[in-house]
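Asks: Construct the complete structure from the given sequences, taking the supplied hints into account.
These protein sequences, in sequence, are chains X and E. Going left to right, the first sequence walks through residues 3 to 185 as the working numbering numbers them. Going left to right, the second sequence walks through residues 0 to 1108 as the working numbering numbers them.
Read the hints as simulated data drawn from the structure, not as lab findings. For clarity, every value in this text was computed on a predicted model and none was experimentally measured.
Stretch by stretch, here's where chain E covers chain X in the computed footprint (C-beta under 8 Å, at least three residues):
| hint | region |
| --- | --- |
| 1 | 94-105 |
| 2 | 108-115 |
Here are the simulated distance ranges between beta carbons:
| hint | chain 1 | residue 1 | chain 2 | residue 2 | range |
| --- | --- | --- | --- | --- | --- |
| 3 | E | Q734 | X | P44 | 46 to 52 Å |
| 4 | X | A19 | E | L190 | 19 to 25 Å |
| 5 | X | D39 | E | L707 | 50 to 56 Å |
All C-beta atoms, glycine included, are put in the ideal place defined by N, C-alpha and C.
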Amino acid sequence: MEEMVGEEPETRDSVEAEVLIVLCSRAENVSNFVEADSIFGPDTRLVYKHYATLYFVFVFDSSENELAMLDLIQVFVETLDKCFKNVCELDMVFNFSKMHIILDEIIFGGQVLETSSTEVMKAVEEISKCSLSLSLSLSIYIYIFTLGYLIDSVSICHNAGWRRLQMQSCFQNPFLDGKVDSR
Amino acid sequence: MAEAKAICLGIPLAHERHWKNIIVESDFLNLFLALNSPGGSFPLEVLILMKDLKASLNGFDKVTFSFAPRSSNGLAHWLATCSFSQSWIGLGVVSPSLQDVRRRSLCDVAGDVLFCPSLIERACTLVGDLLLSAILDRARGVSPSLQDLRTIGRELAMGSQGGWGQSKDFLDLVKSIGESRSKAEEDRIILHEIELLKRRITEPDIPKRKMKEFIIRLVYVEMLGHDASFGYIHAVKMTHDDSLLLKRTGYLAVTLFLNEDHDLIILIVNTIQKDLKSDNYLVVCAALTAVCKLINEETIPAVLPQVVELLGHQKEAVRKKAIMALHRFNQRAPSSVSHLISHFKKKLCDNDPGVMGATLCPLFDLITVDVNSYKDLVVSFVNILKQVAEHRLPKSYDYHQMPAPFIQIRFLKILALLGSGDKQASENMYTVLGDIFKKCDSSSNIGNAVLYECICCVSSIYPSPKLLEAAAEVTSRFLKSESHNLKYMGIDALRRLIKINPDIAEEHQLAVIDCLEDPDDTLKRKTFELLYKMTKSSNVEVIADRMIDYMISINDNHYKTEIASRCVELAEQFAPKNSNTLQTMNKVFEHAGDLVNIKVAHNLMRLIAEGFGEDDEGADSQLRSSAVESYLHIIGEPKLPSVFLQIICWVLGEYGTMDGKFSASYISGKLCDVAEAHSNDDTIKAYAVTAIMKIYAFEIAAGKKVDLLPECQSLIDELSASHSTDLQQRAYELQAVLGLDACAIVGIIPSDASCEDIESLEKGDRPYIPENERSGMLNINNFRSQYQHEASTHALRFEAYELPQPSVASRIPSVPVPLTSSTELMPVSEPIYPKEIHQVESLPSVSDTRLVELKLQLEGVQKKWGRPTYSSPAPSTSSSTTQKTVNGVKQHEGLGTISSQTHDISYDSRRLQIEVSPEKQKLAASLFGGSSSKSDKKPSSTSHKTARVSNPSVEKHQMVTEAVASVELAAEKTASLQPPPDLLDFGEPSVGSGTPSLDPFKQLEGLLGPTPVSSTVNYGSVGASKPPDLMALYAETPMSGLSSNVTNLTPTSMDTINLIPGLSNAVTPPTQLKKGPSPQDSLEKDALARQMGVTPSGKNPNLFKDLLG
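Replies: Given below as structure tokens:
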């Protein structure tokens, strides 16, 4: 399993775009697996899953099991959910450092380390206990992203059909977002 | 504009309601900016409107304008609908205003104005908060009950939910990016942000919290694809901080910013070293995380001792992470941790299961590299896995009621590695694998994941019939499932299982075809992979057709290339009928010509030139003339890929006039057309002009008079003046050749000798070319020399020179082309020769029977019948096994015993095929017919002649000999191939030739599997599907060592039968060993080819001069 960090911004961009193209071309009710050797090199696969507004994409090689990866996404989301109480993309955008703490507990050195969300939560809480200095600003803000920058990068993909579809569903459901978290 | 108007409309409404304290929200940011701070350039209309607006605001106690993103519209809508549909807002106070909001928000669709009642009625905090939280929850897709709302409302009031702990600047940044409508706008915002950060981050005395936020913003900038390198150093500085959170932020930013070769890493190593020694284990964890991501090969020694020390840390979390860090080191630089392997083994016994689980990661990697040094761990792995599977771990490791599934999966992966080809190790695993099969909950996703991993393990270890049965059962459950994910896993599992037992696929043919027609691309590809693996000569046409259809339908170049080369490979490998291969190739080249490897094209040319290596010159020439015909047909089509045109030109040049069907002028005319149509492609022109030269040369050699077509002449003229020296040279050569007399031309360009220099090379260089092959080649040569005049060796080299290579030829005309051509063509010969060697070497006793059978088949029903069993993709030994089982089934039928249901079905489908049959069944029959279903048609079809009745008995006899032969063969193999211990083990009980010191009963037990009781059951089940006389046959085979009681013996023989596939599998590696030297050989050959190639290049011009006089 590889995390997509430390790459040059350009390659990361193009990789993100390619992943988006692949994901856009996937119909509903098909399997959650995509063979990704054209994007990430030989013997790589990609598992994706989306929860309401969040898309999760895990890329891994043959040393992992597809179905198990699907459950790993589940673990990750469960933990995020516990941490943020009903996680939504905003939590991720504004608290991505916290998200990384969680991720570091679950995936360590490219391998699955912990799969119990309670254990992960314990660890995360311990870390944040040490720093109560987390500011408690009381301003209540409600942001719901519509089609954000990610959709704009989709428009580069010349996938007009998908975009139109997304736009429509956006108007029906303003809470839908094309947040893709490539990992 | 519209917004402003809407607000103007809305404010009187608020007046009506006597609201004194209002907040107006809109996404019209500029308007608000203007309202809050007068000034700015606006259109006149807006200014007027604003004035009106301000005037109308006078009656209110407090008015706040705030910015809300466009997306909030949805909220307004929802709020409006809620107010009517949900009774919980019967709180009285709010409902009238909500109704109002509804009315307003409906007309707001155009205006984007949002009156949020919660904000209007802020005074009424509780209600407001309730509403807010309702909105929040709604936003997250939860519809709340009143009770929940109260609690959430309280929480909200306490502020635990609200706010994200960042300053307004950051929030604004995120917000504006979310709002931006184009990439350009986003870029502008980010560039602005970068400027801002650059300025502020260098200011002195920034408070730490502020600094943290800057770093976070830097990460954000970097995340959006911009360069934030100016701030890296600040992130590095932050890692020095004492506060854990700041330190973590620093580490996070650094790991996100830097790749492992960045210069700044060296600055962090010191900090990491210090942190690894920290008393606070959380700091240690943070440092270990950074170690994993940042430490490169050079810096490993700096932190290695400390990480190793941490293996003994009291906190299990630290131990776990330390192991993972070592695992990472192992990935980066295996030599750095090679002395620590004992540590890994020790940590396997750690008190904490989590640490044990983590240890499996490095061990898996180490075992992948070197299986043999870890065989001693098999027993402990099995024991631990058993404990895990039996729920012995603490409850906290359960996941969806499964005991530590991820650890189980990792164990299974390791066991698969350790057990592959090792009977003794595998036997240890059988029980625990059986247990897992039984215990796994197939209703949950993770349960299926473990089951799938079990199948993988079973298919890679030494096969156990019982486990294979269980695996097949699970596979069929996967395939029958509705879920695409499970189908995908099922197809993959099937692919693994058919390697051991090809018959398994038959049962699932319809499921496989369903998957093939599924809209899901991933599934389709997986299925094609499966088909590719199970291709036989009987179904190759169908599969290749399917592949090509799919290839045409997709746009993904990467996969297109892959599938095209697979098609070609299949077509070459099986070559069922020559013309069919050609058609397949043509299609592939037509649609993916530019994508496939150039070598594939050369292979095709070679195929046409040499035929299929059989001694049948007639078939070869038929192939050539059909190729010429089809190419002449295709050549007119526009937009052919360049590679394909090159092939066409070459073939037309070589063989266009050979069978006399087409006149030289006709073909050369066509070639001229090609050259003209692709006037900007030098390579094609070069091919075309060389082809023309060859055609005329052959004409002259045949003593005919040559009239140069006018278009040819103009082409020559054009090319002689070409910028490309290569083309010029070719044109001059053509002219020169035209002026020669017949004898000279025969010397230069002998007909059909394009590959002979390579052949002679092979003869000289490959001492292990099988006898028959070599004589076959000699025959061909003799044949040729009889009909065409003897070709001298010099001339041969010349011929190869005429084979232009696009890569080299277009630039340097004098480069020795034979060099490239021979190296390019050489790889082809490799897959062919070893295979043939196998056949000859491994099946000496069978080959006779085979000849007989071939004859039988020819007089028998269809051509398809006999072939599949022989030319299955597996090496010859396994093909003999297949043969055996097929024969077994055949016999089964022939003797008139009960035929199994699947056979009936497939038989039906076969017969229906002629009448009205569902397309799928037809496809199924054609795809899967290759295995045993085919056998039905012979004995059971009544429409055949009575003469056929004798066939089964003949075949039976033949089968017996065959089976005996294969058993003997297996025995011979085992005897001759000493090294692998498992083979020896097998050889002893069945053949009885092993070392006497071993107790045969012990061996028997081993063969029987863990429990003798189950093995007898097993015997029953196996016996039902296997023909009885095979058993008898086995009893006949010498088993001197096992003269004990009969009950024991029979199960053993049954087991041995089942084990044969495994044996053949196990035999494969040694046979591959024989293949082993061939790369080396090919290298040598390559070198020789170079030599050969270089020599003529030196001589070429001179020779030419001589010839030209």
